[in-house]
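Number of protein chains: 2
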Amino acid sequence: MAKISAVSPLAPAAFPSLPVIGGVKFATAAAGVKYQGRTDVMLATLVPGTVVAGAFTRSSTRSAPVLDCQAKMGIASAEGAAILVNSGNSNAFTGKVGVASVAAITAAVADACHVPEGRVFTSSTGVIGEPLPHERITAVLGSLAANTKADDIAAAAQAIMTTDTFPKGASATVLIDGKTVSIAGIAKGSGMIAPDMATMLVYIFTDAKIAQDKLQSIVSAQNEKTFNSITVDSDTSTSDSLIVAATGTSGIAVDDSVEFSDALHSVMQDLAHQVVRDGEGATKFVEVNVIGAATDADAKLHAMSIANSPLVKTAIAGEDANWGRIVMAVGKSGAAADRDLLGIRFGDIEVAKNGWRSESYSEEAAAAHMKGEDIVITVDIGLGSSTSTVWTCDLTHGYIDINADYRS
Amino acid sequence: MAKISAVSPLAPAAFPSLPVIGGVKFATAAAGVKYQGRTDVMLATLVPGTVVAGAFTRSSTRSAPVLDCQAKMGIASAEGAAILVNSGNSNAFTGKVGVASVAAITAAVADACHVPEGRVFTSSTGVIGEPLPHERITAVLGSLAANTKADDIAAAAQAIMTTDTFPKGASATVLIDGKTVSIAGIAKGSGMIAPDMATMLVYIFTDAKIAQDKLQSIVSAQNEKTFNSITVDSDTSTSDSLIVAATGTSGIAVDDSVEFSDALHSVMQDLAHQVVRDGEGATKFVEVNVIGAATDADAKLHAMSIANSPLVKTAIAGEDANWGRIVMAVGKSGAAADRDLLGIRFGDIEVAKNGWRSESYSEEAAAAHMKGEDIVITVDIGLGSSTSTVWTCDLTHGYIDINADYRS
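Chains A and B supply the protein sequences, listed in that same order. If you're matching positions, the first sequence starts at 1 in full-length UniProt numbering and goes up one per residue. If you're matching positions, the second sequence starts at 1 in full-length UniProt numbering and goes up one per residue.
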């Protein structure tokens, strides 16, 4: 395996200071599932009354733990809950042996944490197709359950990393009726990141009080605009999972609060952006805005066609203001477009208008924008009023280095 | 622009010896459209009675010459015809100026070659969005028309290259009623190669006698299994054009000849494979076979999802028998699949069966297959009897080198 030790140039300066969420405790361990000399298992315990919602990969080859989590979503329960995650092995495409591993881990977590098996949510991330040595995980569960801490979310963010070069965290607080509701989340993800899925692995905790169906509906809606609007390489994982747990310990009911929904959105978008900023080999953070599309679906098709195009992404890596490749990507998207109405901007610079290079176009100004770390591409389809924004990164030698050797 | 001078390691040893096709003559010139010190314009003249069929990119941002060619397909004419191709500039996304350039070139070719404008087919390939300096082309037309030669197809194959590292040609002959019908074709293409399109630039000539509608129907059917079944990078060009011209000079009618259709298929497949073998940065030629799919459309979706996956392609570059990424690509394709029925082979080596690693799987044997230059991946979906075969190449540092600097 290639040793890619450098931290992404797009990484935040430091892991953020996250608020402690009442009713949630964390513990981590180095179980040696695959990696040596680092933590690879994290446990989060949740107090009785916690409400859990989620979103998961739509892959037809999704993993055993994903199928198990999906089956448990929406089951109301007043009892406690637990989340158990391991890195190093995804327990995907492992047949009946994989299902048995999930059952073994779930039973052990339920036993150690005194919660029903139906309230144990597990995720596994790492190599596909290898049997998960679940006994290494169950062996550390007693110690994990005995050592949970409310302020250990940063360690949890570390334990779930695979090819990530930095741990990912984000938070928000909302004042409702003079009282504070807090949200804190962590994520992992760097490659095999693509749309039409739930997300990588993301765990978000809040002390808000909310009904399960309300929380699920907010999560599903915000997911479409955040994790389902990022792409690193157009490849969709078999393990992607987003779990949001509301412990209710703040006592603040947020069922219909726009402020809460907005705050959750900001945490989800922050984590989604951090995944792109840690995209394998990334050196540029790219926002693609499509405006003027005929329908919302068309807007997203165009935006994703641009964001997934290897030729667009390599041009950005080369700091080349190659707007012809954006025209190409719009043309191949399958969504409605009229060549002679297209407009394109890099940042504030008008590049093309009404189907050809703009009269005011300055190659120098465009080249200067491309040298920045944050690239903004805006394409006006000129046919309607639908819009879409997606985020991606460039395609560099680093991506080849990582993926020609890493067995994922 | 990065200088990528090395010839693809997958290139044939030499340009093949192609038969002279009666009724076709070629000429080339160095017009300096963009490149210096090489030919960049080719003219092919076709005798009266020649029948022309074709297939073109379905991009919604396709170029002015493509739109012009499409409008001229299917128009019967007993008069002569001509094909004029330039490299270095694609005359795509150039608005009204681009349409005027096509008109100027077409008129000049018609005049120089004494054929109607409706029988002049032009193609342009190269940078997108720059005005085509068509006067450099019209300036050499008189000399081109005066110097056509029947045996100059190899020079024509050279003149149409862009990032290609070798010229591409293929031929076939068929015995019908004791007489020989010949087919010879040339192609260019290396990057921006993807499915759901006609093809790169391909020109195929035959002395067969055939009705235009019959020729078009054979070309369309064979195109789906050849040029529409290859992908280098999932990006679809705005200029892709396939033109097949039948001069009829052999006097042999082939309207319903299976032998002729098979021979044309072999020439088209050979040229399509050569395009993949010259895929930007390619070091491996990859055949993806999907069997057991529920429908033909599903089979092709699965095959293209595998062939376009950056993670599958980088694993092949790294000679890594990473079958987990094939499972991932099947899962994300959107086509029907049941994880627990999947089977995977590398060459003759059974890797996975019924949704998990095969009991007989040998990592050493699989690794040995991956070290070869020709990789064969077979995936059995296990749901039906539909199949699809597509061809691609690996994704290497060479692709990044070429595309982070080349303005296409």
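One thing to keep in mind: the hints can contain errors.
[Said to hold, decoys possible] Derived PhoX-like pairs (lysine-lysine); straight-line CA-CA distance at most 20 Å: (1) B:LYS96 <-> A:LYS353; (2) B:LYS179 <-> B:LYS209; (3) B:LYS214 <-> B:LYS225; (4) A:LYS214 <-> A:LYS225; (5) B:LYS353 <-> A:LYS96; (6) A:LYS225 <-> A:LYS179.
It should be emphasised that the hints constitute simulated quantities derived from the structure, not laboratory data.
Against the structure, the hints:
The suggested pairing of LYS96 (chain B) with LYS353 (chain A) holds, with an alpha-carbon distance near 13 Å, which does not exceed 20 Å. For the suggested pair LYS179 (chain B) and LYS209 (chain B), the alpha carbons sit about 12 Å apart, so the restraint of at most 20 Å is met. In summary, the hint linking LYS214 (chain B) to LYS225 (chain B) is supported, as the alpha carbons are separated by about 18 Å, within the 20 Å threshold. Simply put, LYS214 (chain A) and LYS225 (chain A) have alpha-carbon atoms about 18 Å apart, close enough for the 20 Å limit, and the pair holds.
Taking the CA atoms of LYS353 (chain B) and LYS96 (chain A), the gap is near 13 Å; set against the 20 Å cutoff, the hint holds. A threshold of 20 Å between alpha carbons decides the hint, and for LYS225 (chain A) with LYS179 (chain A) the separation of about 28 Å lies outside it, so the pair is violated.
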